Amino acid sequence: MTLIKFIEIMAILVGAFSGFIEARRKRMDLVGVFTVAFITAFGGGTLRDILLDRRPLFWVIHQEYAILIFVLALVASPVIRTLRHIVSERLIVIADAVGLGLFSVAGVSAALAAGMPLFIASMMGVITGIFGGVLRDIVCNEVPMVFRDGKPYAICAFLGNWLYLMMGKYGVEPDFALWSSALFISGLRLLTWKFDLRMGR
Amino acid sequence: MTLIKFIEIMAILVGAFSGFIEARRKRMDLVGVFTVAFITAFGGGTLRDILLDRRPLFWVIHQEYAILIFVLALVASPVIRTLRHIVSERLIVIADAVGLGLFSVAGVSAALAAGMPLFIASMMGVITGIFGGVLRDIVCNEVPMVFRDGKPYAICAFLGNWLYLMMGKYGVEPDFALWSSALFISGLRLLTWKFDLRMGR
Amino acid sequence: MTLIKFIEIMAILVGAFSGFIEARRKRMDLVGVFTVAFITAFGGGTLRDILLDRRPLFWVIHQEYAILIFVLALVASPVIRTLRHIVSERLIVIADAVGLGLFSVAGVSAALAAGMPLFIASMMGVITGIFGGVLRDIVCNEVPMVFRDGKPYAICAFLGNWLYLMMGKYGVEPDFALWSSALFISGLRLLTWKFDLRMGR
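Chains as they are written, first to last, in UniProt numbering: chain U, 1 to 201; chain W, 1 to 201; chain R, 1 to 201.
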């Protein structure tokens, strides 16, 4: 398994895991647990692809990820109970930050490939990174957490997306631009988490 | 009128009817009653078609169904009051079960025609069958009922969709596969309703 | 700047402004304020374009409007506080009515260009005019206001859309049909507001 494949699976699992937890908190049944986990993991990329009119969707090409979440949903309750003891909050935040970086920059890249102008491309990257959680909260009948907790989550993605766009503009080698921007987002997110930074309201 | 046309109209009416009732319970006005009924009746198929990038949408081709719901919304209050006395819960559950079977399998069939792999096709069938109600509940600001009541509604659709897919794989005559799978879903749904089966949480 | 450009910007600003206010009422942070304003301003047209499979989206072509809302979100709190004192409710209602008229008829026109039948085209116009507010309310975890306040907001759009469709059918000059129908919607909306008309429930 390549490194990127491993990171991808980790990021999807973290998304699905946060969906599992939210769905259980809402006392949902098996169908709800699976659907909410699925929406959290793939919702951001799916919305981006609908806005860009890109097909096939990510989870259609990678059917195996959809099946993985399905299997996990079937065993969700004991898995979550076990994971709660094994997995520390620190590990979840790290994996989530890595996912945010990777998916945001990948979203920008997809938007550029579809011919989007720069500002729109930066927004598409943020949408890819955060709208899984937004849709999860809407389905769970909550005001989306990312819109109200004042933590600079989307803003880390936004800044890193512009780093990536600027690198592209000034001829930096594409692969390096992608990885360093993703790393920048993940690092910035972890720093703001470490020091518990908040935006003013 | 052919049989399939009749069943189709019945299924749409049942969807719209459940939208009417939910919208009235939320004290919505005429615009809300129409919109929620429309979303309940056509939301599942519309979401599927957006995900598959299929156009024109069902209710664009069959404009007459949209107009029918519009007219019903105009007379909704007295109609619902009357129907409550005429239509038994049993009849609604039966019509809804028939609709679930028919639309789910039709959703799988549309997904296969769009080149989807098997698991995705089975999911598209479930989406077609249940997301009208999911979107209704989101617009009405509720946690979707189908995600939390523990009744095996989506699961009946899922199992029947796989029956249909397996029949296709083993060369069963398409029309027979479609009808028997739809019947299987409707029958299973009615059985689980009859015996009030619940999934564990 | 042409007149239509000016009206367009006014209508978008009014949409964004109502998003700002709702997001602040929900105590959202910068990310929420921007996203909700954006969804309110562009949500209706975006949903219409997704249903019609039209691309690029309006806010992709007019990136400058997205940037404008972004800048306004950055200064939203003081701006809203200032605007509250400068801008009367009357002015907001007028600008909103003008936007409703313009966007509804533009939505019908886009739907006709995409080959939609008449009733569907009239619905697409209403969707363009009202779904920004509907999506705003869903994200803010409220039952959409336009579905429950009994004010004939969507109905003004619906009637004006049919005026436009009928003018087209009877060979009225397209530009005149568009402007007079938009004016009809705006005027009707202002009249019903002036006399505080309500629909029965």
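Derived from the structure by calculation, the hints contain no laboratory data. Since the structure is predicted, the reported quantities are computational estimates derived from the model, not experimental observations. Treat each hint with caution, since some may be false.
Heads up, the list lumps identical chains together, so a pair's fine if it works in one copy or across two of them.
Computed cross-link-like contacts, SDA-like style, restricted to lysine to any residue with a CA-CA straight-line distance of at most 20 Å [claimed, not checked]: (1) K151 - L30; (2) K169 - R24; (3) K26 - I50; (4) K26 - K151; (5) K151 - R25; (6) K5 - P56; (7) K26 - I138; (8) K194 - R24; (9) K5 - I94; (10) K5 - W193.
Comparing the hints with the structure gives:
When the C-alpha separation of K151 and L30 is checked against a cutoff of 20 Å, the pair qualifies only between copies, where the shortest distance is 10 Å, while the shortest distance within a copy is 31 Å. Proximity of K169 and R24 under a CA criterion of 20 Å is satisfied in neither setting, with 45 Å inside one chain copy and 36 Å between copies. For the homomeric pair K26 and I50, neither the shortest alpha-carbon distance inside one copy (28 Å) nor that between copies (28 Å) is at most 20 Å. Taking the shortest Cα distances, K26 and K151 sit within 20 Å of each other only across copies (16 Å), while inside one copy they are farther apart (24 Å).
Taking the shortest Cα distances, K151 and R25 sit within 20 Å of each other only across copies (18 Å), while inside one copy they are farther apart (22 Å). In the homo-oligomer, the alpha carbons of K5 and P56 lie at most 20 Å apart inside one protomer (19 Å), although the nearest pairing across protomers, at 31 Å, exceeds that limit. Proximity of K26 to I138 under the C-alpha cut-off of 20 Å is found in both arrangements, the shortest distances being 12 Å within a copy and 14 Å between copies. When the C-alpha separation of K194 and R24 is checked against a cutoff of 20 Å, the pair qualifies neither within a copy, at 28 Å, nor between copies, at 27 Å.
Within a single copy, K5 and I94 get their C-alpha atoms as close as 17 Å, which meets the 20 Å cut-off; across copies the closest is 46 Å, which misses it. When the C-alpha separation of K5 and W193 is checked against a cutoff of 20 Å, the pair qualifies neither within a copy, at 26 Å, nor between copies, at 43 Å.
Checked against the numbered hints above, the structure violates hints 2, 3, 8 and 10; every other hint is satisfied.
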